[in-house]
Amino acid sequence: MAVRVAFGPVIVLPSLRFWGVWQRHVDVARSRFLSQAVMPAVEPLITFLVLGFGLGRFVELEGGGDYVKFIAPGMVAVFPMWQAVFACTWEAWFRMENQRTYHAIIATPLGPEDVAAGEIAWGTTHSLLSAVYVMAMAVAFGAVDSPLAVLVLPVAILNGVMLSALSLWYTASVSSSNALGYFFTIGALPMFWLGNVFFPASSLPQALQTLGWFVPTTHTVAIYRGLFTGDLAWSQLGDLAWLAAVGAFCFLMATRALRRRLLV
Amino acid sequence: MTGGIHARGLVKRFGSYVAVDGIDLEVRSGECFGLLGPNGAGKTSTIRMICCVSPITAGELLVDGLDVRTRAREIKARLGVVPQDDNLDPDLTVEQNLRAYGRYFGLPRDIIAARIEEGLALLQLSDRRASRIDELSGGMKRRLVIARSLMNAPSMLVLDEPTTGLDPQARQVVWQRLRLLKGRGLTMLLTTHYMEEAANLCDRLIIMNRGRIVAQGSPAELVAAHAGRDVLEVQADPEAHQPLVADLQRRGNFEVESSGDTVYVFGRDGESPARLAGEIVGNFRVTVRQANLEDVFLRLTGRSLKE
Numbered sequence: 001m002a003v004r005v006a007f008g009p010v011i012v013l014p015s016l017r018f019w020g021v022w023q024r025h026v027d028v029a030r031s032r033f034l035s036q037a038v039m040p041a042v043e044p045l046i047t048f049l050v051l052g053f054g055l056g057r058f059v060e061l062e063g064g065g066d067y068v069k070f071i072a073p074g075m076v077a078v079f080p081m082w083q084a085v086f087a088c089t090w091e092a093w094f095r096m097e098n099q100r101t102y103h104a105i106i107a108t109p110l111g112p113e114d115v116a117a118g119e120i121a122w123g124t125t126h127s128l129l130s131a132v133y134v135m136a137m138a139v140a141f142g143a144v145d146s147p148l149a150v151l152v153l154p155v156a157i158l159n160g161v162m163l164s165a166l167s168l169w170y171t172a173s174v175s176s177s178n179a180l181g182y183f184f185t186i187g188a189l190p191m192f193w194l195g196n197v198f199f200p201a202s203s204l205p206q207a208l209q210t211l212g213w214f215v216p217t218t219h220t221v222a223i224y225r226g227l228f229t230g231d232l233a234w235s236q237l238g239d240l241a242w243l244a245a246v247g248a249f250c251f252l253m254a255t256r257a258l259r260r261r262l263l264v
Numbered sequence: 001m002t003g004g005i006h007a008r009g010l011v012k013r014f015g016s017y018v019a020v021d022g023i024d025l026e027v028r029s030g031e032c033f034g035l036l037g038p039n040g041a042g043k044t045s046t047i048r049m050i051c052c053v054s055p056i057t058a059g060e061l062l063v064d065g066l067d068v069r070t071r072a073r074e075i076k077a078r079l080g081v082v083p084q085d086d087n088l089d090p091d092l093t094v095e096q097n098l099r100a101y102g103r104y105f106g107l108p109r110d111i112i113a114a115r116i117e118e119g120l121a122l123l124q125l126s127d128r129r130a131s132r133i134d135e136l137s138g139g140m141k142r143r144l145v146i147a148r149s150l151m152n153a154p155s156m157l158v159l160d161e162p163t164t165g166l167d168p169q170a171r172q173v174v175w176q177r178l179r180l181l182k183g184r185g186l187t188m189l190l191t192t193h194y195m196e197e198a199a200n201l202c203d204r205l206i207i208m209n210r211g212r213i214v215a216q217g218s219p220a221e222l223v224a225a226h227a228g229r230d231v232l233e234v235q236a237d238p239e240a241h242q243p244l245v246a247d248l249q250r251r252g253n254f255e256v257e258s259s260g261d262t263v264y265v266f267g268r269d270g271e272s273p274a275r276l277a278g279e280i281v282g283n284f285r286v287t288v289r290q291a292n293l294e295d296v297f298l299r300l301t302g303r304s305l306k307e
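The listed protein sequences correspond, in order, to chains A and B. Here the first sequence is numbered in our numbering, starting from 1 and rising by one per residue. Here the second sequence is numbered in our numbering, starting from 1 and rising by one per residue.
Looking at chain B on its own, in the form it has when it is part of the complex (with noise of 0.2 Å):
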């Protein structure tokens, strides 16, 4: 199989603790896909071994066709990273920064150049280009890294939670970048724990969860299968929780889950719970919206995704 990432039983142990628990996974040449899950998921842990940064402990992974446990070098060729730490050179200007990564992959001095014009262009960096590294926000800092990894103009991006610390602002830049990218046929995988960076941008996600894989498809198809359409959220107090549960679910085909201080109640077989919203009695936040990602996490773990 070429194009993609192929991974069977993959699997990534650091002493006794697993990180990731056997998974598999295939990600298609030219789609984005996502990789959703709250920290200690596994994620990063996944990436690395794709990335070939760190050894894989059991399984089969293949990145562009490629063993990673042999053929190394070759796959960081054809990558493009984006970390999760903005590991710049504090020391170097922006031009430099991209200058001094492109050397690293062995590319002529005129390849370099034009690289870094066009990626200084595409994050919007050019009038930055002769900044220092502390000169910089946060959002520009990480467009900078995304221009750097584009360097070598890989066949796939590897994004490790690309707008985490990011103000929102900054954030509905980058996700516009990334689009474009994504638009001109780029292959990308990233990790997130921010469900609307996943259904933003991802085909399709695989949603983690202490090492292991939950759920698979595309955003869409999650929500309708474990969300339902609507859902309605009553905000109370842990301890008014347990009778609120108790009295939701009678009252007709309802998933009810309760995490920190909200309860939230999903329908099933198609059966939406707007209803209700006029019929809690009780001096309590109510809101009906949408069901998303993090529902779905909530209703397949128990748990929230922001821990």
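Here chain A stands alone, though its shape is the one from the complex (with noise of 0.2 Å):
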């Protein structure tokens, strides 16, 4: 049934035990490693070679330079968000509602504030292997200028958090497996196309030039070209401000959703 219940505080912070969650998804991935592992490593390269050097060939870009060089950065902002997507929507779903193993983990000491940061913190990690993968990817390629781009990531963990976060926001929101799907067309698929990612922004409607300020990855992309190249700006900043406020939002509304959802 669901229930309009007060749940207690606003802001409920997990404890460190959180880790739990976290490793016994290390265990179920080691069962299935193999099988689990085959997208996220295709996919990229794919995408690398038909687009970065087959398209590549025909676009001319304003200013010159490289296709695979222009795609690069934006690529290892986007395969990881549909790393962190997966995990939290999908995957989460099925926990929580198939196997109900959400109810069983707060039956221990453990809170949903706790489920909620161990989910977040394996959508981080599928997340940040991807981006590892995607980096190194493009550092054979040759798409990479600057010694900078180590910093990719620690950014690469914020963006993590960030994604993981929305999507279990999403997910512990929602009252049918149906409804997932609206996360992947509304949400997902603009972050993949309109994120600055495979044609510049500038070249969009100013309408959804504004739309595409509030897609989260665009400003993960803005910092990723610029540690790329090695021209950073001040508006990085603020692109790194705005991944770590929405972030934190996102953070505490998943926790709060999941609260609401579980202590009924």
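Wrong hints could be hidden among the right ones.
[What the hints assert, rightly or not] In silico contact screen, one side only, chain B against chain A (beta carbon under 10 Å); selected entries: (1) A72; (2) E74; (3) S149; (4) M151.
Hints in this document: simulated from the structure, not taken from any laboratory. Cβ coordinates follow ideal geometry from the N, Cα and C atoms, glycine included.
Starting from two chains that each stand alone, build the complex the way the hints lay out.
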């Protein structure tokens, strides 16, 4: 039964024991490692080859430049995005509703806030692994020009947390698995296409550019572009602040949604 | 009051629906206490409040002397929970399920390892430690859930319908294991709608119906007080009940109840309805048997436990 019940203070922070949840996910992943690793390994590689080298031969960018170099920073942002989103939508839903894993966990000293932290940590782990992998590919294809690019990794963690939290917030709030599909069409796909990844956002109509500002990965891509080329501007600090603020907000909202759902 | 459970005026409301309507409960340390009642009686809602996974709407509830409203984490660290559905991890083996659960309590690795061995041995699952969950029978899954609930060496075990859905043999094995745990001094609280389970395991119990307590006491006390020693059962079509009931009531100091396709006759003031067995006219199936908790429930609520 869906119920409006007072569930306590607005901000509930997890305990350090949330790692137990993360460790459980690692145990499960170990038994499924090979089958799970295929998609995240193959997709970015194919995209680099097909779009970067295939389509790239026909693309002329304003100001010159290699198309592979243009899409690389965006790729490092969006493929991890898919990882975080999958982990915290379909997989989380399955654990929550079908397996009742969350219900088992909250019978122990862990609460819904710890489950949320564990899920977000796991989504971030998936996302970070993907980021490292796509980065390695970008380096291999000669797309990285600056040693500052190593700073992509800490930003990737922040990116992972933000996207996992956003996805989990959504998952914990909807009443059926059918609704999860909306997150992909209205949330994830625009991130993939409107975030200044495959073509300059400046070529889009103004309305879509404004919309792009609200797309989380737009800001990640902006930071990565700076780090890849070494051309950093103050605006990227603004992007970092955006990620941190939105990430923190989504984390709290995801916790709140899970508490409301589980503590009935 | 330390140890056990103390509840006063406990209420649970879901919107306008009252699941638990102001109950008082005392569970003493070391005893096996039962909540007996049909589906919808409020047993699971009560248990969930005790396990601190459901916020209480009103009233007072102390578990092991701690208030559920403020000390939930500490309470959960001391409880062992055996839920109604087996929410095991299907992607993990038997042993991995136990290990993952032990980690939620923040137990050190060596303690977890030791408790896994103890739990598997106690619940007779040692040779299944590497099995996946879908390879286990219903009874084994249940035993695994019980083993899991012992990982934190709880002072109190809470079981929600521990043998529902199990075949009679699996049920016996589970009861035997629970009696063993009881023998070790573990306080137990269980809910059930099977009167044999309540009679077999519980030292004391409450009978719940529609969110309220209708009776409490030990199984023997309840049966003696509300159902007498023997019960006469007459199986007859519902159409034949009315004249049959009237006839039986005329024959002596008896209470007669009718439910489904059976008429039950209870004795009052120590009189046994057994003598009526030979006196009933008509082609009915007549049985005389010992009174049990189901009869108590029927007498008190007019309903069958099995509904």
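Structure-based check of each hint:
1. A72: holds, 8 Å
2. E74: holds, 8 Å
3. S149: Holds. Min distance 9 Å.
4. M151: OK, holds: B/M151 within 10 Å of chain A, min 9 Å.
The structure fails none of the hints (numbered hints given earlier).
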